[in-house]
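Listed below are the residues making up each chain.
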Amino acid sequence: MKIKSPKDFWSGLMFIGFGLFASIWAVVHYQMGTAVRMGPAYFPTVLGGLLVFLGLIVLLGSFAIEGPKIPPLTFRPLVMITIGCLLYGYLMKPLGLFAATCSLVVVGALGGHEFSWKESAVLCLVLCVFSWAVFIKGLGLPFPLWPAYFS
Amino acid sequence: MEIFNNLLLGFSVAISLQNIFYAFIGVLLGTLIGVLPGIGPVATIAMLLPITFNLNPLSALIMLAGIYYGAQYGGSTTAILVNIPGESASVVTCLDGYQMARQGRAGVALATSALGSFFAGCVATLVIAVAAPPLAEVALKFGPSEYFSLMVFGLIAATVLAHGSLIKAIAMVVWGLLFGIIGTDVNSGVLRFTFDIPELSDGIGFVIVAMGMFGTAEIVANLEQGDKREVFAKKVTNLWLTKEDFKRAWPAVLRGTALGSCLGILPGGGALLSSFGAYTVEKKVSNHPEQFGKGAIEGVAGPESANNAGAQTSFIPMLTLGIPGNAVMALMIGALMIQGIAPGPQVMNEKPQLFWGLIASMWIGNLMLVVLNLPLIGMWVKLLQVPYRFLFPSILVFMAIGVYSLSNNPFDVLIMAIFGIVGYICAKLECEPAPMILGFILGPLMEENLRRAMLLSRGDPTVFFTKPISAAFMIASLILLVIVALPAIRKKRDEAFVEETK
Numbered sequence: 001m002k003i004k005s006p007k008d009f010w011s012g013l014m015f016i017g018f019g020l021f022a023s024i025w026a027v028v029h030y031q032m033g034t035a036v037r038m039g040p041a042y043f044p045t046v047l048g049g050l051l052v053f054l055g056l057i058v059l060l061g062s063f064a065i066e067g068p069k070i071p072p073l074t075f076r077p078l079v080m081i082t083i084g085c086l087l088y089g090y091l092m093k094p095l096g097l098f099a100a101t102c103s104l105v106v107v108g109a110l111g112g113h114e115f116s117w118k119e120s121a122v123l124c125l126v127l128c129v130f131s132w133a134v135f136i137k138g139l140g141l142p143f144p145l146w147p148a149y150f151s
Numbered sequence: 001m002e003i004f005n006n007l008l009l010g011f012s013v014a015i016s017l018q019n020i021f022y023a024f025i026g027v028l029l030g031t032l033i034g035v036l037p038g039i040g041p042v043a044t045i046a047m048l049l050p051i052t053f054n055l056n057p058l059s060a061l062i063m064l065a066g067i068y069y070g071a072q073y074g075g076s077t078t079a080i081l082v083n084i085p086g087e088s089a090s091v092v093t094c095l096d097g098y099q100m101a102r103q104g105r106a107g108v109a110l111a112t113s114a115l116g117s118f119f120a121g122c123v124a125t126l127v128i129a130v131a132a133p134p135l136a137e138v139a140l141k142f143g144p145s146e147y148f149s150l151m152v153f154g155l156i157a158a159t160v161l162a163h164g165s166l167i168k169a170i171a172m173v174v175w176g177l178l179f180g181i182i183g184t185d186v187n188s189g190v191l192r193f194t195f196d197i198p199e200l201s202d203g204i205g206f207v208i209v210a211m212g213m214f215g216t217a218e219i220v221a222n223l224e225q226g227d228k229r230e231v232f233a234k235k236v237t238n239l240w241l242t243k244e245d246f247k248r249a250w251p252a253v254l255r256g257t258a259l260g261s262c263l264g265i266l267p268g269g270g271a272l273l274s275s276f277g278a279y280t281v282e283k284k285v286s287n288h289p290e291q292f293g294k295g296a297i298e299g300v301a302g303p304e305s306a307n308n309a310g311a312q313t314s315f316i317p318m319l320t321l322g323i324p325g326n327a328v329m330a331l332m333i334g335a336l337m338i339q340g341i342a343p344g345p346q347v348m349n350e351k352p353q354l355f356w357g358l359i360a361s362m363w364i365g366n367l368m369l370v371v372l373n374l375p376l377i378g379m380w381v382k383l384l385q386v387p388y389r390f391l392f393p394s395i396l397v398f399m400a401i402g403v404y405s406l407s408n409n410p411f412d413v414l415i416m417a418i419f420g421i422v423g424y425i426c427a428k429l430e431c432e433p434a435p436m437i438l439g440f441i442l443g444p445l446m447e448e449n450l451r452r453a454m455l456l457s458r459g460d461p462t463v464f465f466t467k468p469i470s471a472a473f474m475i476a477s478l479i480l481l482v483i484v485a486l487p488a489i490r491k492k493r494d495e496a497f498v499e500e501t502k
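Residue numbers (the numbering used here), protein chains in the order written: chain B, 1 to 151; chain C, 1 to 502.
Honestly, I wouldn't trust all of these hints.
[Claimed, not checked] Listed next, the in silico DSBU-like pairs over lysine-lysine satisfying Cα-Cα at most 30 Å (straight line):
id	chain 1	residue 1	chain 2	residue 2
1	B	Lys137	C	Lys382
2	B	Lys2	B	Lys69
3	C	Lys294	C	Lys243
4	B	Lys118	C	Lys382
5	C	Lys428	B	Lys69
6	C	Lys294	C	Lys284
7	B	Lys93	B	Lys69
8	B	Lys93	B	Lys137
9	C	Lys428	B	Lys4
10	C	Lys284	C	Lys247
11	C	Lys247	C	Lys294
12	B	Lys2	C	Lys428
13	C	Lys243	C	Lys284
14	C	Lys141	C	Lys467
Keep in mind the hints are simulated off the structure, nothing from the lab.
Make the full structure from the sequences, and use the hints.
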């Protein structure tokens with residue numbers, strides 16, 4: 001059998017995988033109950049089964065119906081933006097708002113096409129001032145500004 | 001004249017200095033993100049949700065609503081001047097609006113779109129005022145089985161009207177329902193799918209999922225495509241329509257408004273569907289269809305009126321039934337919940353000021369938008385020249401701040417990043433994120449109503465088909481599914497979407 005529509009093939013597999021996982025996990029860990037008094041496992045098991053069923057239709061269809069190829073994956077933007085967001089979240093408490101903002105801006109900008117230190121530095125400055133003025137001064141969010149050991 | 005009194009009450013609340021201020025902020029932000037490609041109302045509203053916690057409920061809703069319909073105005077500016085939809089609902093405006101700009105008639109196109117939108121906005125405000133009360137009256141009589149069937153119908157209609165593969169869209173809904181289950185089960189107190197992570201015991205925040213699927217995923221997609229913006233008309237002059245323009249535009253505006261008002265109410269409807277529908281209608285009824293795609297003014301007037309009307313009437317199911325028809329409305333429900341208001345038909349009776357104030361504010365907001373978008377057009381044109389490499393890090397910072405401020409916990413940012421990756425993969429596999437978001441927000445509600453309905457009927461599943469209202473919803477869902485599955489109609493539906501998005 002030849003896969004005619006790779007997009008459908010992989011989405012089918014994805015749905016089946018998640019559906020199987022949800023049903024099995026629910027059945028093993030939670031109580032099923034009855035149709036009158038549904039236990040915590042009832043709804044997720046049914047939904048998981050439904051997802052597997054729909055996934056199977058999509059998967060089988062991918063052998064029959066012609067479909068477009070999956071466009072090439074470019075990892076650089078995805079990886080850089082993911083890392084940038086994580087840095088922001090995890091640096092906020094130890095290093096404060098300014099360090100977190102700058103790391104997100106620089107790492108995020110590295111995911112773009114053109115990168116220049118000069119532009120990023122300006123952007124860092126602008127966004128730091130803006131965040132401070134709007135979110136800390138204006139809306140009163142309780143974020144630390146500087147690294148913890150400074151103050 | 002009860003409607004008159006109600007609207008009067010609404011205006012008396014909406015006209016307060018604070019509410020006018022938030023309406024202005026909303027429409028200004030809406031226009032801004034509408035003009036800027038690569039960021040839509042869903043991500044913006046999600047970003048601002050945590051901030052609305054500090055506002056009173058009415059001001060919060062007024063501002064968020066302003067963002068949604070404001071984006072419809074702003075999106076058309078980019079479509080006309082740059083040939084890129086600033087907002088997904090203005091895709092069809094590119095077709096004729098950009099051609100008009102190339103013929104030196106950018107000002108006329110912009111004026112048509114803004115005035116058409118304003119007219120549509122006024123009518124849609126009235127439609128909400130007239131249609132919402134009776135609907136809420138009916139909805140007050142709904143029991144758990146009716147609610148369950150209504151949600152099934154809403155979700156199915158949302159997938160039928162979305163574009164792309166129907167089965168994949170339904171699968172995405174089911175997947176979203178499963179994500180919605182994560183957290184503590186209300187009935188038994190059991191922690192489901194939390195994997196011993198304490199942060200998951202309250203479930204995943206809806207805002208975080210929306211921000212990941214629509215925010216970060218969209219930025220990544222934009223970076224892949226590269227920045228190909230070129231502003232065609234650097235200076236917009238002559239905003240006045242000629243007599244001939246006016247004669248051709250106004251019937252299109254009327255048709256667009258009527259169609260948009262209807263399509264907006266449907267689950268899955270809203271601005272996007274309305275604009276596509278209106279363009280198709282205009283092309284069908286026109287005496288000179290060959291002009292479409294070459295700068296026909298009807299091709300701007302119809303869809304632009306329709307998307308604004310649709311954006312506003314899509315509030316009707318949200319306000320009266322507590323059921324979101326599209327992702328933006330799901331966020332509005334999130335905003336109500338943050339304020340401790342349970343969405344549903346009782347809102348209108350218990351909080352008439354909130355309800356009517358919001359409706360009245362829409363009219364005020366539309367008035368502001370005309371001013372913002374016509375005399376001040378030069379400002380937006382300048383903004384369009386800001387390159388994307390400055391924009392996306394800024395958007396990232398706002399998203400990260402918004403998510404982090406939800407509970408001052410980096411874990412939320414981690415979840416957003418994960419859903420960003422999920423959203424990216426889904427986009428590559430042509431799985432629509434919008435149905436998943438709807439499923440996600442309706443998941444817990446559906447389970448709750450299913451359980452109650454089954455308990456009341458002593459485990460008899462036929463209850464969904466023996467109660468008349470519930471049966472009507474179920475049959476309507478079945479009919480929808482069968483109709484779309486029919487090969488002939490399916491081909492038509494695919495064609496309609498392909499033709500318009502070219």
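To see whether the hints hold, each was checked on the structure:
{"no.": "1", "hint": "B:Lys137 x C:Lys382", "in the structure": "holds (29 Å)"}
{"no.": "2", "hint": "B:Lys2 x B:Lys69", "in the structure": "holds (13 Å)"}
{"no.": "3", "hint": "C:Lys294 x C:Lys243", "in the structure": "holds (20 Å)"}
{"no.": "4", "hint": "B:Lys118 x C:Lys382", "in the structure": "holds (22 Å)"}
{"no.": "5", "hint": "C:Lys428 x B:Lys69", "in the structure": "holds (10 Å)"}
{"no.": "6", "hint": "C:Lys294 x C:Lys284", "in the structure": "holds (16 Å)"}
{"no.": "7", "hint": "B:Lys93 x B:Lys69", "in the structure": "violated (44 Å)"}
{"no.": "8", "hint": "B:Lys93 x B:Lys137", "in the structure": "holds (18 Å)"}
{"no.": "9", "hint": "C:Lys428 x B:Lys4", "in the structure": "holds (16 Å)"}
{"no.": "10", "hint": "C:Lys284 x C:Lys247", "in the structure": "holds (18 Å)"}
{"no.": "11", "hint": "C:Lys247 x C:Lys294", "in the structure": "holds (18 Å)"}
{"no.": "12", "hint": "B:Lys2 x C:Lys428", "in the structure": "holds (21 Å)"}
{"no.": "13", "hint": "C:Lys243 x C:Lys284", "in the structure": "holds (23 Å)"}
{"no.": "14", "hint": "C:Lys141 x C:Lys467", "in the structure": "holds (12 Å)"}
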